[in-house]
Amino acid sequence: MESTLFSAGEGLRVAEGSRGSGPVAVLADPRMQARRRRRQRGLFLIFRLAALVNGAALLAVIAFVAVRGLEAINWTFLSQPPREAMTQGGILPCIVGTIGLSLGALLVAFPIGVASAIYLNEYAQPGKLLRLIRLGISNLAGVPSVVFGLFGLAFFVTFLHLKVSLLSGALTLGVMSLPVIIGATEEALRAVPDTYREASLGLGATKLQTIFRVVLPAALPGVLTGGILGLSRAAGETAPIMFTAAVYFTPHLPSSILDPVMALPYHIYVLATAGTDIEATRPLQYGTALLLIALVLGMNLCAIVWRARLRRRMG
Amino acid sequence: MKESRKKKVDSGKVDAMTKKYKAVTRQLNFYYGAKQALQEIGLAFVANQATALIGPSGCGKSTFLRCLNRMNDLIPGARVEGRVLLDDRDIYGPQVDVVNLRSRVGMVFQKPNPFPKSIFENVAYGLRVNGVKDRQYIDDQVEKSLHQAALWQEVKDRLNDSALGLSGGQQQRLCIARALAVEPEMILMDEPCSALDPLATQKIEELIDTLKSKYTIVIVTHNMQQASRVSDVTAFFYMGRMIETGPTDMIFTRPHIKETEDYITGRFG
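Chains as they are written, first to last, in this note's numbering: chain E, 1 to 315; chain L, 316 to 584.
Chain E extracted, bound-state conformation (with noise of 0.2 Å):
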């Protein structure tokens, strides 16, 4: 890589001091021109090989953990709550916990945050309390997930009494979503061109038309990416619920959205660092995070389809 800088800047000092024979001649070097190649090739292999960086990581974490959690997943593994302090059994009450929280939050996040974006995007006057809204919305982007536990804990289980609960976990990680869905919404609204809504109001409809039959419809796609990265977030969270929703152990299914829940990423936590015997679970531990991960993924891929057939079928 040095090497490849380095011969560009000779490459640059042969130029100028060539200049008597004019730049004609600079570009017909054929010295100069092999440089250039050598050194946009050199470039293009450094951005290619970071790119392949991530794809690399992805499938890294993925076979890391399906080789060491494969084993543990069977039918029982998912159909079983634990059993035996936790070291035997299944997860089933962490799946049902864990999508119960997610699609809460999303339940939770998604309209508000549509909601928001559709009025910051669309009729919002500039002004100070747009200003402080925008504010208020990026610094909630950057408010690290504990805090929204302590948030979670002290606003929605003590003060408004909903105790550790589904409920309180979901409005928990709603509450830490938004920003996601709000930034991925404001994103697809922008994109969607002016021209649509001035041929709209053009043909005298009024916003809320505009906004309901035209806009939004043209930023479904971008919308609903929103939503999964929202719901992956919050599906993945373990710091937002350990206070608000997740417990230790329970044996039982909620029953009511007031119930406490078991969920699996604290469930992870709980059995890598807390368990009752931390190297007997370990494949428990890698089963758990390999059906976390499909977990998301699934319902990533799921959002992926359906946003593809939406793009497919608006032409």
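There could be a bad hint or two in this list.
Stated by the list, open to error - Here are a few chain L residues that face chain E, going by a calculated C-beta distance under 8 Å:
#	residue
1	Asn384
2	Tyr407
3	Val414
4	Lys426
To be verified - Reference listing, derived: stretches of chain E covered by chain L, where coverage requires no fewer than 3 residues with Cβ under 8 Å from a Cβ of chain L:
#	segment
5	187 to 201
6	205 to 218
Derived by calculation from the structure, the hints in this document are not laboratory data.
Cβ coordinates follow ideal geometry from the N, Cα and C atoms, glycine included.
On the provided structure of chain E, position chain L as indicated by the hints.
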């Protein structure tokens, strides 16, 4: 040829005297924030005629066009002074419903901008947002509008296909059909052919000629030949002012003002 051309101009003059003006602007000023974009524009549009607005880029002709259906209301910081009368009523008056106004004054834009919906739904859109529920009426109106826009033959077998699959020229005619479906009284066209090839342009021009019998048309164009082909009256804009207006023949053959002559003969702009 020359005879008939002459006759047309004369009949236009008679029309102007006997027929009512469809729309009139009086001392219209327009500001983008502190910047004044239009100065004291006074223009009258005779019903069932096509008026061409010409002038160099940035002269204010598009801004003026967008004052006629209050499309400029959407721009933050924009301000209008003066009057725009449609059938003798000020469209900037306090009682005017802008949404209703825009269904009376249709608009076709520079770039074809069909919605990402089916061909049928594009044309039906204006009816639907205006609360029409009668399916038979919508069907009839869609077909009629597509006929009027000379597009029916090309799309009648694929009304449910996406409008985005049409060619640029077809898309623009679809946008015209979409505007016609709500039966406006006036149609504003903002350089409707600038993104089209010569053949598609020719089709749109023929269309404008037939649409004149039912609608009052105002068209912004950069193309001098187009202005002389499609319009009865031409108005020349320069630096936010309306410099000269008159029957198209006169403007293109013996303009009274030097700037107009310089522009149409290609000496600037």
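Evaluated hints:
Look at Asn384(L): its Cβ gets to within about 7 Å of chain E, closer than 8 Å, so that hint holds up. Proximity of Tyr407(L) to chain E is violated relative to the hint, the smallest CB-CB distance being about 16 Å (cut-off 8 Å). Annotation: interface hint on Val414(L) holds; nearest CB of chain E at approximately 5 Å, less than 8 Å. With 8 Å as the threshold, the beta carbon of Lys426(L) comes within range of chain E, its nearest partner Cβ sitting at about 6 Å, so the hint holds.
Interface restraint, the segment 187 to 201 of chain E with chain L: holds (8 residues with C-beta to C-beta distance below 8 Å; minimum three). As drawn, the segment 205 to 218 of chain E meets chain L at 7 residues by the rule of a beta-carbon pair under 8 Å; at three or more, the given contact holds.
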